[in-house]
Every structure is written in structure tokens, then in C-alpha cells.
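S.K.: Chain residues, written in single-letter form:
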Amino acid sequence: MESICAFDRLVPGRGAAALLADGTQVAVFRLADGGLYAVSNRDPFTGAYVMSRGIVGDRSGEPTVASPLHKQVFSLKTGQCLDDGDQSLEAFAVEVVGGEVRVGAASDVKASALWPPPQPRRSPPPESARRWHRSPATPWR
Amino acid sequence: MSDKRLVVIGDGMVGRRFLEAVVERDPSWQVTVLAEEPRPAYDRVRLSAFFDGVSAEELSLASDLPGVDVRLGEPALAIDREARRVATAGGDYAYDKLVLATGSYPFVPPVEGSDLDGVHVYRTIEDLEAIRSRAEGRRHGVVVGGGLLGLEAANALRLLGLETQIVEFAPWLMARQLDEAGGGVLKQHIERLGIDVACSTGGTRIEPSGDRLRMETNQEGLAFDTDMIVFAAGVRPADALAREAGLAVGERGGVVVDPSCRSSDPDVYAIGEVAAMEGVCYGLVAPGYAMAEVAADRLAGGEATFPGADLSTKLKLLGVDVAQFGEMDGPLATTYLDPAEGVYAKLVLSDDAQTLLGGMLVGNAEPYPLLRASVGGKVPGQLADLLSSGEVEGALPDGAQVCSCNSVTKGEIMGAVADGCHDVGAIKSCTKAGTSCGSCVPMLKQLLAEGGVEVSKSICEHFAQSRAELFDIVKVTGISSFSELIARHGSGSGCDLCKPAVASILASLANGHILDGEQAALQDTNDHFLANLQRNGTYSVVPRIPGGEVTPDKLIVLGEVAKEFGLYTKITGGQRVDLFGARVEDLPKIWRRLVDAGFESGHAYGKALRTIKSCVGTDWCRYGVQDSVKMAIDLELRYRGLRSPHKVKSAVSGCARECAEARSKDFGVIATEDGWNLYVGGNGGFTPRHADLLVSDVDSETLVRTIDRFLMFYISTADRLQRTSKWLESLDGGVDYVREVVVDDRLGICEDLDAMMAKHVESYTDEWKGVLDDPEKLERFVSFVNAPDTPDPSIEFETVRGQSFPAGTTERSHARPVPLGTPERLGSERS
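These protein sequences, in sequence, are chains A and B. Numbered by our numbering, the letters in the first sequence go through residues 1 to 141 in order. Numbered by our numbering, the letters in the second sequence go through residues 1 to 831 in order.
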């Protein structure tokens, strides 16, 4: 675990970027309810290191962050993208010790938090809805 | 192939609809169109909009039709039916089938002197251009004709600034659509606008009188001295070609056709105003469209027949609603007259008073869609309600025609709703209902509700309310934080949809700096960093340059700042300078330099007022009539920082040449000789829209007051991310309704709107300076919370065309094609 900053330095409801000793960038979020999460700062859709600047919130109770570039929403718990099952952020272990925020390696949580693998929240449309595409009516008949 | 040559004579509205239908149904026809007018088909129904500032191009109905050769300005001169060919000045065109869509020509009563200079007709864009040029610098005009066309012509002259006199031969106005009482109420309205009306009067002789004209009438002692005379007394079918070719014509003119639109020669069809369908010529577009569809179907081997014409009409003439449907008279009629309000209604019923046969409405046509659709069926509600308020309950029969322009019944619409059309737009594209005159659109909304479709306006899963409802809640309760609002009126902890929307509402209602306290956490990244996030994680910085006016010294500062921080520099479309590639930690340093030089935030990052462009105005331009630069600067300084549901753009042009492109803006101002015209609801972007005229020739004070109210009404009622153009289109009554609210104060809220704007103007402060003056806010502008002095190593640049670009730019431009016209992905498109 690597010490990042004082917990009070984080703005409630907002994220901050941190640079780990090995050069990894993580985005650390302090939620309004006191929850604390860390995910990779790199937006997998664009490759830009911007996730810490996303808006946090929840989807059906699951804490989330939305990419500030194209607004895809990710779970803060697992890093899984809830709009596109193929993409995800790395989730990092994070804790507060003596008022200091500490971030651990990604692999520390991967084993626990990402098993069983999360399913995309959105189920595919039913077969009937996909098959049907109505052609425009001919109004003059 | 050899028997597939189709010649169409005439390229008007009906001809164009026919071509579209033919191409869609049987593209194997080789089509040649011979058109008399020099321009392709245009919307003649909206012709008078030409004087409202709508250009000929905007009226155009031209569309790209594969396999169709349109020969403009090449009128047919003769038809040789034996040899099956049509002659023009340019050559001969052989046909296998011929379609006559020649329309009508204006009827000019036999009045001596009707060929003099200054005597006009009202039919084509060329006629309108001639009227406009004659009217220049003159003050009085006479319109002969008090029917639909005559009133349109009168409106045109009024818009050209002429004192206008209507002369009508019948004893009352619109005698074809209204009875005497209805005509009387209409006359009242029109006279209130300052237009004189003389009924039971006909011109007998026109003679020159110096540079002007004098028209004598059948009324003893009544003569008019005037600058110009416009004949708009009806039309006659343009059937001369058909007559010469020996085709059968009707008693009152028109090419006689059977219900398949075939003339007396089976290879020749006639459609639209030139056709005498079983002896009757129709001067409305709806029956013409029906004929176009029938003829196209026949040419594709179909069996369609003319379904009969619904002559119902609803129009707004000179601001007055007039509607007529079904029969004008019958066994039983009941009327309502309110001379104080200028409202007249008449319903025609069967003798048992159970069946609605027809009726007419003047002054208030709200019940029209329901009434027209109910003709032939049960009276849809209590007579007293129908006649007075127009507020009625009641379900229509399935067979009732809801859209008469495109012949769509209620049953067809309900079918579309059941098949998944869940908003008005989907119904329009699926059934074509509501796509022509639009008068049935309110009816479509009712049918959606009847079909059980609840249009959800909720912002997201955390709030069931619409943005407008949340706005009202915040305004009324005085709630000033997101956490209180979601605790009391929502659920969960919020998301990227509701948080910025609420932040915008709180900011619109002037609640301090947008990064104050809890509000900071709500802002989208652009608002949070007061700059625009770019693809590589850097930001762009745009200082405000009001009206696009900038001193050389300030321009030099921009250059120096760009050089010092290695920023890519580009001139924007909004007449300012965009500086790209700023790292988060550099933003405050850049602002410091800019603020010290007298710049402030340009709010390019916010859903807020962006820029007010201007042309160079009277001080330099040879043509300008008002000082557009000064006005643009004043307006930009007044509305800077105003948060709104979406971005707001504006422009001010100093004359009608419109160099600032004001009509593509959310609100656009164009100078006139007498003041300013204000246009609203314009848009560029993905769905361009020209702005609608809200008020004309107003002084500066009235202009500003009207914009104040327009903006605040928009901010109070629009949906999240709804630009003014979509908002305007979503309002029943569109720009007319907005005018009633912000000019006539129909809702009694103008005082409130004024107060809201006064509060905004008073409380404005520069957001950049607000950060620079606050050490706590400054703390957030770091690359890494644990390494504030280390620049983000992932951000690299390369030099292209002498400027700084994100690394990989050169590689990207070679690696893949440049995506043209890819729509921007919007947050609101997600479900």
C-alpha cells in the first residue's frame, strides 16, 4: 500500500488523480457518503488519463463514475463498464490509515472484487424486439 | 425501355410530389420535367413567408430525384398527341405517358387598365419580387380580393410597410369559407391591424395618376389613389395547352379527368389545380397531393382512385385563426359570437343534432383538429364547451381522418402507436401524419396519450421530474444544494445526468460561484475546471471577446500567453480565440495572465451564453443601418455567465445583408431602418434551422427587454440539453406562443422573468477571477494530488504546421480516414 494524501484533501463527491511510484496513474474518489474508491485513471475508450475528473453517482445503488470524455459509466467497486461489457477499469485496493489515504496494487483486489466476473447490467433486447422492424405505412391506400 | 418515357409538364408542389412518388414506386420511368418557372418547385402555400424574411431557397422543395431530368425555364409550347411528343423552344420531347401539372394562373377581372405598370398579381416568387421592388419607397397599396389569397397579399403589403386597402367584390371576406357573421368578425380583426376593408366593391377602371395609380369602383364616388394594385382574386386552371391539344376541358375550365386522373386521352394524365376531377378544380394542395399519388400508382400499374377531397382548412391570416371544415350550412346550425374577444364559431349538425356535418371557427381555432376529425360522426362533446372554450373530452372513431393533408386516419395512427411509435416524431416518419401543415400535431399528442404512451420527462433514475419541474421546485422552495434537493425530491446519490442539470439550475437562479462548496462536485469536468476538456486530457481556454471586438494590445497578450504555455491557437466561429493544450496545473497561471490583461472567462465550457457575433456596423460599413457592434457588446456583457439548459449563441447584424448570420443563432438581431428585428430559435449544427421572427422594428430598450424574457422563459421551461430550436418546436403554437408570453404577457409572468434577469445581471462575476482569489479552489488545479509539481507524463505534443498538437496527430491522420459528419455522442442518447 502506498500513501497518497490526507483524506481531507479529497473533495467529497469528486475524484483526484495520483501518481504511484511505479508510474501508474490512479483515480481516487471520495463519495458524499464517505465511501472511498480507486480505479485506473486511464479511460479505456480514448486512452486519455482523465477518469479522476468524471462525475460520480450511482446506478441502482451501485457507486459509479462517468468518463468525462464520452460519458460511459463504470462501477467504482469493480471497474466494470456498465454501458459496454467489453471494457473495464482496473480497481485498486484503497484504505484510510491515520487520516492518510493509501492505495494498493491492482492485483490485490482483482482476485476478490472481480470474482465472479461482473455481468453487464444491460440485458440484450428480447428476440421479438430485434426481429421486428416495421416499414413505414403507406398512408394513401 | 422504349415505352417508359414519361414527360411531366409543370414543376410545382403537386408535380414534385408526383415525381417523388413515381421514383419511389417505379424507378424505371425515364422522366423529363418541362418547367416554366426558372426555379425548381417551392412551397407556394407558404409563399407570403417570403416577406417575413424567408428566402426563396428556404421555400424550395427541390430534391434530388434519380433518373429525372428537370428542364427549368423551358415551358411546353404545344402537345402533339398523335405523334406523342411535346414541343418546347429547345426541342421536342417524345413521351409514352404525359402528365399535366401546370397548375393555375392568377385571375384578373376584366378591368380597364389592369395592364398598367404598378398593377401586380400574386402567384410566383417572381411576382413577389416585382411587388417588393415596386413597394420600395412607397406608402399605399390596394389588394383586389378578400379571400384567402387576397388576405395573404394584404399581409405581404403590410409587411412591406404599406398602408393597405382590401377591395372585395363579395359582401364579406372569405366568402368561400365563412358565412356573413364569420366574415364580419374577421373584418373586425383585420381593421384592428390598420388595414382598410371595402366589401361589395369592385374596381371598374385603373388609370395612371402621375407616378401613382387611381382605381375607380362600382360604388359611386369611391375611388382609390394608390401606389400599387395587387390582384389576388382567385386563380384559373392553366389549361391552354390541353385545350389546343384537343383534350376535353370542363365547363369552368380544367382538364377533365376520371378518378384515376386520366384525361380524355388515356396516355395523358392531369393532376393538381389544372385537373377538373369529375368536373371540379381544387385549389388546395391536399387534393392535389392525393391526385399525385393516384397518378403515380397508376403509372406503376396500380389501381388507385381519387379518394375524394377534404376541403377543410385552418390558417392563420394576419395573426387571426380561421378554420372551416365539412359543410358550411345544413339542417341545424348553432353559433357562438363574442365580439369583445373577436371569436366566432359555428357548428352545422344533422336535423337530430347528433351528427356533426361541418362548421367554421374565427379567432380561436383550437378545437379544429378534433372537430374536423369528427365530421360525419357524433358531436364530440358538449356544444357549449366546443363553441366557447374548445376544451373537450371524447374519443374519435377509428375512421376519422386526423391528418387531412396526407389522408391519415386515427386508426392508422393508433396502429403505428401500437407498433412502437412512441413520440410525435416517430408517428410523423411512420405515417406522414403531421408532416405538411402541422395543424394536427396537438391531436397526435392526444392520441399518444389515448394509446397509453406516457412520455417520460424524467431526467434520470434519480429524479422522476423533468428539468422544468426541478427548476420550479428549486425556484419555489429556495433549495440551494443538490443534496437537499435529492433528499427531498429524488432518490439515490445522483449521476452524470442529473448533477450537471441541477448545477445549471442552481446557477441560473444565481447562487454564487459555480465551484462554491458542494456545487463544485456537481459540475461536469468542463465546468469543474472552467475550461474545455480535449481528447488527450488537456484543456482549451477561451477568453471572452464581446462582439468580437479586441484591441491590438489584448491580441498581443493572447499571442504571448499561447507562446509561453505552448498552446495551439485557433480563431473560433464565434469571433474569438481558442487556446488549446493547456495542462490542468497551468490553467490558473494562464488565467492570471489573461485576467491581468483585462480578459475574463468566455464560458466556452458551460451550458451558458457563449458569444454574440457581430458584423462591423455603421461606423465602418457603407451599408449598416444600426450600430451592430455596440449592440452585440452590450448584449454579451448583459448575458455573460447566464447558465441555461444548453449553450446559447447569438449574433447581431447591422443590416438586412446579415453578415453576422444572426438567423442561425438561438437569438439573432438584425438591424432595420427603424430599429431591430429579433429572431429566435435558430441553430446551426447537426439539424440547422433558421430562427423565427419574434418582434420587428423595436427600439433598443424593447429589444433587450424581449430578449431578457425570451431567455428566462427558455431557461425556466426547457428540457435538459434542449437547444432553443427544439424547445421552440416543442411548444404548442411555437414562436406565436412565445410572443404571447413574452410580449403580450398572456401568462402574467413577465414581471417575474424581468426580475430573474435583473438578478442575473446584478450578481455576475468572472468565474476565473473567482478561482484566482480563492486559495481553496486553486488547490484543485493540480496534475496529481500526491505530486502537484509533476506534469502528467502521458500528455505529449508534436509540432504540426508550426504549432503544438497532441502526440500521434501525424500518425493518426495517416492511419485512418478523416471521419466526416460523425454525430457527436450525447449523454442524453443513452437509455
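Possibly wrong hints are sitting among the right ones.
[To be verified] In silico negatives: residues of chain B with every beta carbon more than 10 angstroms from chain A:
{"id": "1", "residue": "Tyr-105"}
{"id": "2", "residue": "Arg-134"}
{"id": "3", "residue": "Arg-176"}
{"id": "4", "residue": "Gly-326"}
{"id": "5", "residue": "Gly-381"}
{"id": "6", "residue": "His-462"}
{"id": "7", "residue": "Gly-494"}
{"id": "8", "residue": "Ala-520"}
{"id": "9", "residue": "His-528"}
{"id": "10", "residue": "Leu-533"}
{"id": "11", "residue": "Gly-537"}
{"id": "12", "residue": "Arg-739"}
{"id": "13", "residue": "Arg-780"}
{"id": "14", "residue": "Val-785"}
{"id": "15", "residue": "Thr-790"}
[What the hints assert, rightly or not] To list a few chain A residues with every Cβ distance to chain B over 10 angstroms, as calculated:
{"id": "16", "residue": "Ser-3"}
{"id": "17", "residue": "Gly-13"}
{"id": "18", "residue": "Ala-16"}
{"id": "19", "residue": "Ala-18"}
{"id": "20", "residue": "Val-28"}
{"id": "21", "residue": "Asp-33"}
{"id": "22", "residue": "Ala-48"}
{"id": "23", "residue": "Gly-57"}
{"id": "24", "residue": "Pro-63"}
{"id": "25", "residue": "Lys-77"}
{"id": "26", "residue": "Thr-78"}
{"id": "27", "residue": "Glu-90"}
{"id": "28", "residue": "Glu-95"}
{"id": "29", "residue": "Val-96"}
{"id": "30", "residue": "Val-97"}
{"id": "31", "residue": "Gly-98"}
[Said to hold, decoys possible] With beta-carbon atoms standing in for the labels, derived distance ranges:
{"id": "32", "chain 1": "B", "residue 1": "Pro-552", "chain 2": "A", "residue 2": "Gly-85", "range": "33 to 39 angstroms"}
{"id": "33", "chain 1": "A", "residue 1": "Gly-47", "chain 2": "B", "residue 2": "Glu-564", "range": "24 to 30 angstroms"}
{"id": "34", "chain 1": "B", "residue 1": "Thr-672", "chain 2": "A", "residue 2": "Asp-86", "range": "56 to 62 angstroms"}
{"id": "35", "chain 1": "A", "residue 1": "Phe-7", "chain 2": "B", "residue 2": "Glu-484", "range": "21 to 27 angstroms"}
Treat the hints as calculated values from the structure; they're not laboratory data. If you're wondering where the values come from, they're calculated on a predicted model, not measured in any experiment. Glycine included, C-beta positions come from ideal geometry on N, C-alpha and C.
S.K.: Confirm or reject each hint.
M.R.: Each hint tested on the structure:
1. The non-interface label for B:Tyr-105 is consistent with chain A: the shortest C-beta to C-beta separation is roughly 28 angstroms, beyond 10 angstroms.
2. Even its closest Cβ contact with chain A, about 42 angstroms, leaves B:Arg-134 beyond 10 angstroms, as expected for a residue assigned away from the interface.
3. With a minimum CB-CB distance of about 26 angstroms to chain A, B:Arg-176 clears the 10 angstroms threshold, and the non-interface call stands.
4. Consistency note on B:Gly-326: stated as away from chain A, and its beta-carbon is indeed over 10 angstroms from all of that chain's, at 21 angstroms minimum.
5. Annotated as non-interface, B:Gly-381 keeps its C-beta farther than 10 angstroms from every C-beta of chain A; the closest such distance is 27 angstroms.
6. Some Cβ of chain A comes within 10 angstroms of the Cβ of B:His-462; the nearest lies about 8 angstroms off, and the non-interface call is violated.
7. Interface exclusion of B:Gly-494 from chain A breaks down, the closest Cβ pair being 5 angstroms apart, not more than 10 angstroms.
8. Residue-level check failed: B:Ala-520 sits 6 angstroms from the nearest beta carbon of chain A, not beyond 10 angstroms.
9. For B:His-528, the non-interface assignment is contradicted: its Cβ lies about 7 angstroms from the closest Cβ of chain A, within the 10 angstroms cut-off.
10. Taking the minimum C-beta to C-beta distance to chain A, about 6 angstroms, the non-interface status of B:Leu-533 is violated against the 10 angstroms cut.
11. Remark: the non-interface label on B:Gly-537 conflicts with the geometry, its nearest Cβ contact in chain A lying 4 angstroms away (cut-off 10 angstroms).
12. Distance check on B:Arg-739: its Cβ is at least 33 angstroms (rounded) from any Cβ of chain A, clearing the 10 angstroms threshold; non-interface status holds.
13. For B:Arg-780, the condition that its CB be more than 10 angstroms from all CB atoms of chain A is violated, with the nearest at approximately 7 angstroms.
14. A beta-carbon of chain A comes within 10 angstroms of the beta-carbon of B:Val-785; the shortest separation is about 4 angstroms.
15. For B:Thr-790, the condition that its CB be more than 10 angstroms from all CB atoms of chain A is violated, with the nearest at approximately 6 angstroms.
16. Separation of A:Ser-3 from chain B is inadequate, the least Cβ-Cβ distance of about 8 angstroms not exceeding the 10 angstroms criterion.
17. The Cβ of A:Gly-13 sits about 3 angstroms from the closest Cβ of chain B, inside the 10 angstroms cut-off, so the non-interface label is violated.
18. The claim that A:Ala-16 is not at the interface with chain B is violated, since a C-beta of that chain comes within 10 angstroms of its own (minimum 4 angstroms).
19. For A:Ala-18, the condition that its CB be more than 10 angstroms from all CB atoms of chain B is violated, with the nearest at approximately 5 angstroms.
20. With a least beta-carbon separation of about 7 angstroms from chain B, A:Val-28 fails to lie farther than 10 angstroms from that chain, contradicting its non-interface assignment.
21. Not every Cβ of chain B is farther than 10 angstroms from the Cβ of A:Asp-33; the closest lies at roughly 7 angstroms, contradicting the non-interface assignment.
22. At roughly 4 angstroms, the least C-beta separation between A:Ala-48 and chain B is not larger than 10 angstroms, which violates its mark as non-interface.
23. Taking the minimum C-beta to C-beta distance to chain B, about 3 angstroms, the non-interface status of A:Gly-57 is violated against the 10 angstroms cut.
24. The beta carbon of A:Pro-63 sits about 8 angstroms from the closest Cβ of chain B, which is not more than 10 angstroms, so the claim that it is off the interface is violated.
25. The claim that A:Lys-77 lies off the interface holds: its Cβ sits roughly 14 angstroms from the closest Cβ of chain B, which is beyond the 10 angstroms cut-off.
26. Non-interface call for A:Thr-78 relative to chain B: holds, since the shortest CB-CB distance, roughly 17 angstroms, exceeds 10 angstroms.
27. Chain B leaves A:Glu-90 outside its interface by the beta-carbon criterion, the shortest separation being 15 angstroms against a cut-off of 10 angstroms.
28. The beta carbon of A:Glu-95 is kept farther than 10 angstroms from every beta carbon of chain B, the shortest such distance being approximately 15 angstroms.
29. No beta-carbon of chain B comes within 10 angstroms of the beta-carbon of A:Val-96; the shortest separation is about 14 angstroms.
30. The Cβ of A:Val-97 lies farther than 10 angstroms from every Cβ of chain B, with a closest approach of about 15 angstroms, so its non-interface assignment holds.
31. Once the 10 angstroms rule is applied to beta carbons, A:Gly-98 is consistent with being away from chain B; the minimum gap is 16 angstroms.
32. Roughly 56 angstroms separates the CB atoms of B:Pro-552 and A:Gly-85, a value that falls outside the hinted 33 to 39 angstroms.
33. Between A:Gly-47 and B:Glu-564 the Cβ separation comes to about 28 angstroms, which falls inside the hinted range of 24 to 30 angstroms.
34. Taking 56 to 62 angstroms as the suggested C-beta distance range, the pair B:Thr-672 and A:Asp-86 conforms, at roughly 58 angstroms.
35. Taking 21 to 27 angstroms as the suggested C-beta distance range, the pair A:Phe-7 and B:Glu-484 conforms, at roughly 24 angstroms.
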